[in-house]
Amino acid sequence: MIADLTIFLLSLLVGFEVISKVPATLHTPLMSGANAIHGVVIVGVMLLAATVSSVAGYALLAVAAFFAAMNVAGGYVVTDRMLAMFRSRS
Amino acid sequence: MSAFDAVVHLVYLACATCFVIGLHQMNAPATAKRGNRVSAAGMGVAILTTAVVLIHDHSVRAGAAWALIIGGVAGAVAGLIAARRVKMTAMPQLVSLFNAVGGGAAALIALGDRATTTEATVTAVLDVAIGGVTFSGSLIASGKLAGRVPGKPLIVPFGRIITLALAAIATLFAVLFVGFDGPVASLYGIAACALVAGVLFTLPIGGADMPVVISLLNAFTGTAVAMAGFVLESTPLIIAGALVGAAGAILTKLMADAMNRSIGAIIAGGYGTGDAVAVSATSQPVREVTVDDAAIQLAYAGKVVIVPGYGLAAAQAQHEAVALAQALTEQGVRVSYAIHPVAGRMPGHMNVLLAEANAPYDQLKDLEESNPEFSRTDVVLIVGANDVTNPAARRPGNPVSGMPILDVDKARSVIVIKRSLGHGYAGIDNELYTDPRTAMLFSDAKAGLAALLAGLHAYAP
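Same order as they appear, the protein sequences are chains F and H.
Per the numbering used here, residue 1 is the first one in the first sequence, and the count goes up by one each step.
Per the numbering used here, residue 91 is the first one in the second sequence, and the count goes up by one each step.
Mixed in with the good hints there might be a few duds.
What the hints assert, rightly or not - Straight line, CA to CA, 25 Å or less: simulated SDA-like cross-link-like pairs of lysine to any residue:
#1 K455(H) with A56(F)
#2 K536(H) with T380(H)
#3 K21(F) with S426(H)
#4 K123(H) with T51(F)
#5 K123(H) with M1(F)
#6 K536(H) with G237(H)
#7 K393(H) with P494(H)
#8 K393(H) with R81(F)
#9 K455(H) with M85(F)
#10 K21(F) with K123(H)
#11 K343(H) with R87(F)
#12 K242(H) with P526(H)
#13 K500(H) with V423(H)
#14 K536(H) with E17(F)
#15 K21(F) with P462(H)
#16 K343(H) with P23(F)
#17 K123(H) with A50(F)
#18 K500(H) with S426(H)
#19 K536(H) with A236(H)
#20 K177(H) with D499(H)
#21 K455(H) with D499(H)
#22 K21(F) with G269(H)
Since the hints were made in silico from the structure, they are not lab data.
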């Protein structure tokens, strides 16, 4: 628990440090890309699959998997599409 | 820890590193696309590794495996279709939707985990509460942005009291659950309270505050995912959730500062109805300019700065704006765009719209880059922006006081394309319009820009 809290806090600080350098031009792709990163929740949903054993549990799992997969797949693809539009003058 | 577990942990660590490197490479347009792919690669490896763990442990029942596969494939297909089809103008609602489902999935993890294992923790409560608020709140925000839910602030009768009551009930459930190892039902009670609270939280917020709200909800989802990581003791979730939480927090602060509004006031709601008052009480006369005169002025300028605002996005006039800029560039005019942080409906939205219309990113300048340039600018062309150009912001005692503005009044001349002298969200007269250097071109953004382009072709040297 303490180790997890340490990881959380340090990651938060790394996040502040890295993200404060992103220029305003890229704030929409940043938000969408960050959105895709929280799609890592799919890993959590997969780990959850190891513990469920009832029909209600399976239903909940399927919904969670649907949500998480939509988040991660859509998030990365739409960010990629946006970033492809940023071109320099040349 | 077995050798297998150690390898799994190291691979997860590498994935988390990919997320950080990916975000780091977002610091410049030239490397951002690669950054996103590095992050996606990390995600792919994390998912594969988890699949290997599940197979290695033989712990997943057939029913759960099918639920996972069917739900996952359907979700991925839905996400991919939405991501490929979405128009750039509709980006804010899609990002909100993805945010909602991410928060929903995080909340479901704690509910599902609690149904089977034994530990009742504070983090499970926080996961369900934050995830629930984000899920329903982001769905409403997405609906507002898409126009399916009215964009104007909807005041729910006794909304504040209901929210407080919900918070009290949820806290009661939380104490029961954590303190007395209560039944799973109490966790579902918290989820229900959170879902209603999310709706009540988002409904009263007006259109002008949307960039702040979706940034805030993004931070919430990050936090919910990190909490899900605590529940499952899964490091990649904690790291990724914290990174997203930080991103959302930074954007929330930037947007609130750019609008001169405190986060508390935004959550209180009721600002930015989107129905600007059409009649103005301006007593001083404004100067009008014809399309031809404006076109000639632009053609003979050395440096032109275009200031696009939400009105330009609403009129879908970004292509006309970029076409005009290209034509001017061909005439040897130096052109750039001065983009205020809240020009769109989410942070950086205007930049994406202009980039889609083929504006080179080195012409897109933010507030800090633009302001020193205005004194060296011949013509500023304002399209669909209002409050962010009001010089009254420099004086105390009015609704825009202290708001960071674009110093367009420092330029040699200003042309404003606008339908009428109507007010912006702040509901006050824009002193810029009565400035002797300012000329008004009364027109719809799209039609006005197209007419200017035609005029430029007709009269250009």
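The hints, checked one at a time:
Only pairs whose Cα atoms come within 25 Å are accepted, and K455(H) paired with A56(F) is rejected, the gap being roughly 53 Å. This hinted pair checks out: K536(H) and T380(H) have alpha carbons roughly 16 Å apart, not beyond 25 Å. Under the criterion of a C-alpha separation no larger than 25 Å, the hint pairing K21(F) with S426(H) is consistent with the structure, at around 22 Å. For a cut-off of 25 Å, the pair hint linking K123(H) to T51(F) is broken: about 37 Å separates their Cα positions.
With a C-alpha separation of about 36 Å, the suggested pairing of K123(H) with M1(F) is violated against the 25 Å cut-off. Distance hint between K536(H) and G237(H) is fulfilled; the C-alpha atoms sit about 21 Å from each other, no more than 25 Å. The suggested pairing of K393(H) with P494(H) holds, with an alpha-carbon distance near 23 Å, which does not exceed 25 Å. For the suggested pair K393(H) and R81(F), the alpha carbons sit about 32 Å apart, so the restraint of at most 25 Å is broken.
Distance restraint check for K455(H) and M85(F): the Cα-Cα separation of roughly 17 Å lies within the 25 Å cut-off, and the hinted pair is therefore satisfied. This hinted pair checks out: K21(F) and K123(H) have alpha carbons roughly 16 Å apart, not beyond 25 Å. Between K343(H) and R87(F), the direct Cα distance comes to roughly 28 Å. Violation of the 25 Å bound is thereby established for this hinted pair. Of the supplied pair hints, the one linking K242(H) and P526(H) is violated, its CA atoms being roughly 35 Å apart against a limit of 25 Å.
For the suggested pair K500(H) and V423(H), the alpha carbons sit about 19 Å apart, so the restraint of at most 25 Å is met. Taken as a hint, the K536(H) and E17(F) pair is broken in the structure, with Cα atoms around 40 Å apart against an allowance of 25 Å. Taken as a hint, the K21(F) and P462(H) pair is honoured in the structure, with Cα atoms around 21 Å apart against an allowance of 25 Å. The suggested pairing of K343(H) with P23(F) holds, with an alpha-carbon distance near 15 Å, which does not exceed 25 Å.
Restraint check for K123(H) and A50(F): the C-alpha separation of about 35 Å exceeds 25 Å, so the hint is violated. Our distance criterion of 25 Å between C-alpha atoms is met by K500(H) and S426(H), whose separation comes to about 16 Å. Taken as a hint, the K536(H) and A236(H) pair is honoured in the structure, with Cα atoms around 21 Å apart against an allowance of 25 Å. For the suggested pair K177(H) and D499(H), the alpha carbons sit about 34 Å apart, so the restraint of at most 25 Å is broken.
Annotation: proposed proximity of K455(H) to D499(H) holds, straight-line Cα distance about 17 Å (limit 25 Å). A distance of roughly 42 Å separates the Cα atoms of K21(F) and G269(H); the hinted pair therefore is violated under the 25 Å criterion.
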